[in-house]
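Keeping their order, the protein sequence lines are chains A and B.
The first sequence begins at 1 in the working numbering and counts up by one.
The second sequence begins at 1001 in the working numbering and counts up by one.
I should point out that these hints are in silico values taken from the structure, not numbers from a laboratory.
There's no promise every hint is true.
With a straight-line cut-off of 25 Å between C-alpha atoms, the simulated PhoX-like cross-links for lysine-lysine are [said to hold, decoys possible]:
id: 1; chain 1: A; residue 1: Lys291; chain 2: B; residue 2: Lys1149
id: 2; chain 1: A; residue 1: Lys389; chain 2: A; residue 2: Lys407
id: 3; chain 1: A; residue 1: Lys582; chain 2: A; residue 2: Lys601
id: 4; chain 1: B; residue 1: Lys1061; chain 2: A; residue 2: Lys293
id: 5; chain 1: A; residue 1: Lys422; chain 2: A; residue 2: Lys389
id: 6; chain 1: B; residue 1: Lys1165; chain 2: A; residue 2: Lys313
id: 7; chain 1: B; residue 1: Lys1154; chain 2: A; residue 2: Lys313
id: 8; chain 1: A; residue 1: Lys596; chain 2: A; residue 2: Lys608
id: 9; chain 1: A; residue 1: Lys483; chain 2: A; residue 2: Lys558
id: 10; chain 1: B; residue 1: Lys1111; chain 2: A; residue 2: Lys244
id: 11; chain 1: A; residue 1: Lys150; chain 2: A; residue 2: Lys407
id: 12; chain 1: B; residue 1: Lys1165; chain 2: B; residue 2: Lys1149
id: 13; chain 1: A; residue 1: Lys579; chain 2: A; residue 2: Lys558
id: 14; chain 1: A; residue 1: Lys166; chain 2: B; residue 2: Lys1127
id: 15; chain 1: A; residue 1: Lys607; chain 2: A; residue 2: Lys579
id: 16; chain 1: A; residue 1: Lys166; chain 2: A; residue 2: Lys150
id: 17; chain 1: A; residue 1: Lys244; chain 2: A; residue 2: Lys281
id: 18; chain 1: A; residue 1: Lys219; chain 2: A; residue 2: Lys166
id: 19; chain 1: A; residue 1: Lys483; chain 2: A; residue 2: Lys471
id: 20; chain 1: A; residue 1: Lys244; chain 2: A; residue 2: Lys231
id: 21; chain 1: A; residue 1: Lys291; chain 2: A; residue 2: Lys471
id: 22; chain 1: A; residue 1: Lys59; chain 2: A; residue 2: Lys552
id: 23; chain 1: A; residue 1: Lys313; chain 2: A; residue 2: Lys293
id: 24; chain 1: A; residue 1: Lys582; chain 2: A; residue 2: Lys558
id: 25; chain 1: B; residue 1: Lys1127; chain 2: A; residue 2: Lys291
id: 26; chain 1: B; residue 1: Lys1127; chain 2: A; residue 2: Lys231
id: 27; chain 1: B; residue 1: Lys1118; chain 2: A; residue 2: Lys231
id: 28; chain 1: B; residue 1: Lys1127; chain 2: B; residue 2: Lys1061
id: 29; chain 1: A; residue 1: Lys607; chain 2: A; residue 2: Lys558
id: 30; chain 1: A; residue 1: Lys381; chain 2: A; residue 2: Lys422
id: 31; chain 1: A; residue 1: Lys471; chain 2: A; residue 2: Lys596
id: 32; chain 1: A; residue 1: Lys219; chain 2: B; residue 2: Lys1111
id: 33; chain 1: A; residue 1: Lys291; chain 2: B; residue 2: Lys1061
id: 34; chain 1: A; residue 1: Lys596; chain 2: A; residue 2: Lys483
id: 35; chain 1: A; residue 1: Lys219; chain 2: A; residue 2: Lys231
id: 36; chain 1: B; residue 1: Lys1127; chain 2: A; residue 2: Lys293
In this text the structure is predicted, and so the values were computed from the model without any measurement.
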Amino acid sequence: MPTSKREKRKIKGGYFWNILWVDLDHGEAKPLEFDEAFALRYIGGRGFGAKLVWDQLQKGTIDPLGPENLLVISPGPLAGLYLPASGKTSFISISPETGIYGDSSMGGSFGAELRQAGFDALAISGKARSLSYLWIDNGEVRVVPNEKLKEKGSLESEGMIKEDLKDEHIKVATIGPAGEKRVRFACVTSDWGRNSGRTGIGAVMGSKNIKAIAVRGSKDLPVFDLPRLQKVSEVSFRSLRENKNFAFWQEQGLMSVIDYVNEAGVMPTYNFREGVFEHAKKINGYEMLSKYKIGDTSCFACPMACGNVCLVKEGKYRGTVVEGPEYETACMFGPNIGVQNFAAILKANQLCDELGIDTITTGNLIGVLMEAQETGLLSEKDLDGLNLKWGDEEAILDTVHRIAHRKGIGNILAEGSLGVIKQWPQLRPIISQVKGLEQSAYDARIAISMALGYATSDIGAHHARAWTIAKELEMGMDWPLEKKADLVIYHQTLRPLFDMLGVCRLPWIELGFNEHQYAEFYSAVTGIETTLDELLRRSNDLYDLTRAINMKFGISRKDDYPPDRVFNLAMTEGPHAGKILKREDYDAILDIYYQKRGWTKDGQVDKKKIAGFNDPLIST
Amino acid sequence: MSWKLAVVAERCSGCKICELVCSINRFGVNNPKKSAIRVMVVYPHPIIRMPIVCRQCKVAKCMENCPTGAITTKDGIYDIDSEKCISCQQCVTSCPFGAVFLHEEIETPFKCNLCNGKPRCVEACPKNALLFLPEHVLGQAQRMTSVLKYVHMKEVEYVEKGERKVLRYADIEKGKAED
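In isolation and in its complexed conformation, chain B is listed as follows (with noise of 0.2 Å):
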């Protein structure tokens, strides 16, 4: 079973600690520049706050853009051959999300490998921005969301056993979702 790192990017805060322990576990240093997440902030307003980080696409353009093959997959996983690899950084520039890394005192480019099946940005986000989750759960918390607002269309309020409920329905009568 392949398990993926997913961003929420809602609850996302910018404090850049996944990227601290992301530096330190990969590279032995404190330093948010070589780490293979990235939060970016957006201009004009702080309104967006995400962080970058591999997908580990089943369709790799970073691997297919690789003229040596020196990135290869394992359980999943997309990682890049640092004997192999000529730095011609092609992966760089074909991967849509910008989610392999540069930095000048490393030679070859770096990405994101789950650590392993552990990936310590997780475990650090104070706000749950990170999540691991296996793929088959993946877009489970979208439909929810959507089914959601879709019932919360309408209210009803009863009693039962004394207490006050409220029940949500779709007022099929309108036909048409309100905001």
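In isolation and in its complexed conformation, chain A is listed as follows (with noise of 0.2 Å):
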């Protein structure tokens, strides 16, 4: 690069200007330079790489699972810094279990080792001729044929390919069986259980012959003001640690949320039925503290450490050990489906980490089944020999076994919810599910808002974008609509910007950080000025940019719905029993949501904006 063009920039730090394009029909790796519009308009994470996917997008059209489908994995400008959860990377790429724009978020350090490799993202397109590994040394790069690896495990593979470049501190990403069998919902997993969980993308990189992505980065991380930079973290950090809730937090994690959300009377319960779970106790944070937890973990620069490393010590899951639960799999293959054996539900998780599927998706299909079992909505001959009873763990863990492998009737449910609506179009009122996304923990018949952010996702119905209930549930149920449509559209704003920094959204939503701090961040990394407002007016324009790509798959008005169940299946107990949402009122809340949008009343994006998206941000 010519030197008169770096000093040009107004972007002193926070980017290496590389992105890495590795095509594997040609078997080359190339560093992609971009403009510097490209940084300031798309920040980074999944910004660039929905801006890379709508490029693709362009050339034509795209099957998830051909050689043309663009994975991009993408960790942001903070990534990788001194600064609190910064180990956050997005997995981006047209999702196999939707078939629109699909994206998931990992913690762990990959994406800080990525960074510290010297690129600010990995973008993969084509087809390795045969199993492989892609091994990114710093600047090298080598796509490296291994048959060895062929179905075995994730966290296996992951100590397999250490023990292969002889180094313990790298950091590998990879599927297990399933994404090679490209189940739609397979995972990529790092550091032994951090998951990029939802929509496929281990399917992506099963089809693309690449059963891992191994990394070394040991480059300093560009920063325009490191004393500055210094200075706001400490700060920050302080502020985390003097929270009240900090050391339960550390303590309990993510697992906390059992009790809040089953007192909430929200927790999925028996397919999304119920709101409470009169087992909840055997299965909260406390009961793992007593028995199973043996040890914290963080992801990278992250003092909150909600990761709870459990073992379980005794009984037929002796021996089981794994990272989590999450309260997310706790929920799924616990009340979901009836479970109220936490050994089970920790034999579930590890099963699915080393399998390598999404423990939300697996979880919410198996509860459909046990449904449909017990309503008759399927027959004897339709189940395969499946005998799936509420809580019977056998057929459970078996179940998720077949999926993996995508044996007998797991080869339909492998195909995800779409999938099993066409083998069973008799199941659809029951499939929680928007867009082909199974809905993830949080019940929303009695809270519009959550409704409306399942329903308005750009990648389905994942709570991540817009996690509402809470602040419905806090300020109760009878505020306006119009006030509920813009705090769904903050989330909508405010969440994304997390991801195309790369850092966490946990400390802001669970322990109260200051938002505004992130405009300190990126200022102090970047060298320009701006305010946390300015940021979110990007990621504003991301969310325009995500929509115009699901747009070119057909999405409009009546795909922004929420599951069926939310308006015509009350829950019979609970603090919410006989509540179910008004359709009427949901309408008025989807008008209110795309006006604000400045999207049309079907829910298209204006064409000028789009044709905005076309600039070519990046000279080749």
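Grab the two chains, each in its own frame, and use the hints to assemble them into the complex.
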């Protein structure tokens, strides 16, 4: 790069100006320099990923499991830095699970390592000739064929590759057998159990014959004003440590959510039919602490240590060790399918990690089958010899294996909810999903903002885009729809910003960390003085971009509705017994939402706005 | 009086904040690979996370093995003089803890020098897994733990001024510790 170009940049830190592009079809890896305007507008992380996927879509249609699909792994300009929870990286692609835009973020330290190798992001296209792993050793990139990894577990593969490369300190992101078999909700795993869980990114890797990506990075990360960053960060770390819930959070992490959600009556139970689980005490954070937890684990630079390492010390699951469960896993493999044995949840979690499938989707779909068996929607023949009664641990673990290896009925489930509906249309009303992505573990029928959040999330029914249920419960349900739509949009704007920067949202949402600090971090790192509002304008733009991507696949208003259950099935117990959402209320809030976003009544983004995303922002 | 940097491995969560502050303080860069403390995470499962850092050994193998006298000690703190060091890396391989580090961009090996008596990593550790203690205190915690573990053998409940209390004692009849 000519020096003059470098000097002219206003951005003085935060980027290596280098996206590593690996073309597996031609066996080429080349660094791709991008323009400053690209960095300013899309920031990094999910922003870079969505723009690259958009550009790829301009070249023609994309089959999510075809070589033309692009997989982008992108940490963000704050990832790997000395500031709270900078260990996030996003995996972006067209999702094999939903057929539209998909992404999932991963904790751990993979993103930090990738940045230290000197890359702002990694884009992979094409398909390797045989099962291989990608080895990025600082600036050197190699595709290493390795058939020995075939059908090996995710964690097992991580160990094998570290041994192969003779370095314990490298970071390795892997897929399990499920990813190789293109299970449509296969995940990517790193650091012995940190997952990029949703939207089936693992299947995209599998379709490219890439079993793993190993990285070693040892470069200094570019920071414009390190003393300033240090000062802001010290204050930030202190504020987190002084929070009155800090110690409790380290102790229980996300498992503390079980009691909260159960008491609030919004914990998905028996396939989203109920909101209170009578045996919640047997699977809550205290149960974990008293019998199972053997250690804390953190993502990169995170003081909150929300990861719990658990070990089953007795009984038939003795010897099961896993980083987890997170709340979502505990709920989907607990109350949602009637399991009241914490050890069985741990076993299921470990299996899903090793086989490489998303715990949320898996627990959701097993719940659907259990209800279908109970109500006779599926016959004995349909169920392929499985006897799926609520809480039947053996049958559950058996189903997990069948899914990952696509055996028998597992082959149908492996297609995700869209495939299941295709096979058995009668199940449509009992599957909780939006746009083909199965709902995660918060009920939506009593909180219209949560329903709107799930329904308008760009990847489908995932809580991470707009987890507004706590606020709505806290404020009472009776406040104007207008305000609720605002709340959803604020979440959908701020949370993607975290994914663009490469940081975790939990300090903010769980310990009330001041979100304005992120503008301070950005300013110190890049040398561009900015405000949170300014950054939020970019992440708001990103929401239009991912919508524009989805519009190419025909997404419109009809797809922005919450799962049927929300409108037609009331809970029978708990504080919200008897309540359902009224369809006309939902129609009304959706109108308001579109209007506030500047989208048409059919949920379409303005053509001029879309044309703006076509700027060629990468000079090749 | 000598002070020691002590590690309580059971508390470490592997966040690497110690590595970050070390690299910033030591080399003025954000680069955990340039830190004089390193968190090990052990395969096959993340059960053990342990920060490795110089123990300022009184009989220092690194110093003994240094052919140029580049490693010197002052007030119980050992450091490497990069002027005298020839980067033969004998200190790196002779340290029984692996607490002397290398980086491809830095000519000579580096190790913890306790930040001149105020280790930044200790202040920054969010899990209190790193402690900076006067030498005579070392071992006290372990001794206390051993004692407490032993006296946890038996309990007797009693009431004092209307308040229920528990007294723990060792059962001399059994004569051996129970887990």
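Run the distance test for lysine 1127(B) versus lysine 291(A): straight-line Cα separation, threshold 25 Å. holds, 21 Å
Verify the proposed pairing of lysine 607(A) with lysine 558(A), using a straight-line Cα cut of 25 Å. holds, 20 Å
Hinted pair lysine 1118(B) and lysine 231(A), Cα distance within 25 Å: holds, 18 Å
Taken at face value, is the distance from the CA of lysine 1149(B) to the CA of lysine 291(A) at most 25 Å? holds, 18 Å
Tell me if the straight-line CA distance from lysine 219(A) to lysine 231(A) falls inside 25 Å. holds, 22 Å
Going straight from one Cα to the other, do lysine 244(A) and lysine 231(A) come out at no more than 25 Å? The given pair, whose Cα atoms are some 23 Å apart, holds under the 25 Å limit.
Between lysine 219(A) and lysine 1111(B), does the CA-CA distance stay at or below 25 Å? OK: lysine 219(A) and lysine 1111(B) at ~19 Å, within 25 Å.
Agreement of lysine 1165(B) and lysine 313(A) with the hint, judged by alpha carbon distance not exceeding 25 Å: violated, 30 Å
Has the given pair, lysine 389(A) with lysine 407(A), been kept, meaning a C-alpha gap of at most 25 Å? Status holds; Cα separation ~20 Å.
Restraint status (C-alpha distance of lysine 596(A) to lysine 483(A) at most 25 Å): Roughly 11 Å separates the two Cα atoms, so the pair holds.
Keeping to a limit of 25 Å between CA atoms, is the pair of lysine 1111(B) and lysine 244(A) held or broken? violated, 36 Å
Given the hint that lysine 166(A) pairs with lysine 150(A), does the C-alpha gap stay at or below 25 Å? Status holds; Cα separation ~20 Å.
The structure fails hints 4, 6, 10, 14, 15, 21, 28, 33 (numbered hints given earlier, in ascending order).
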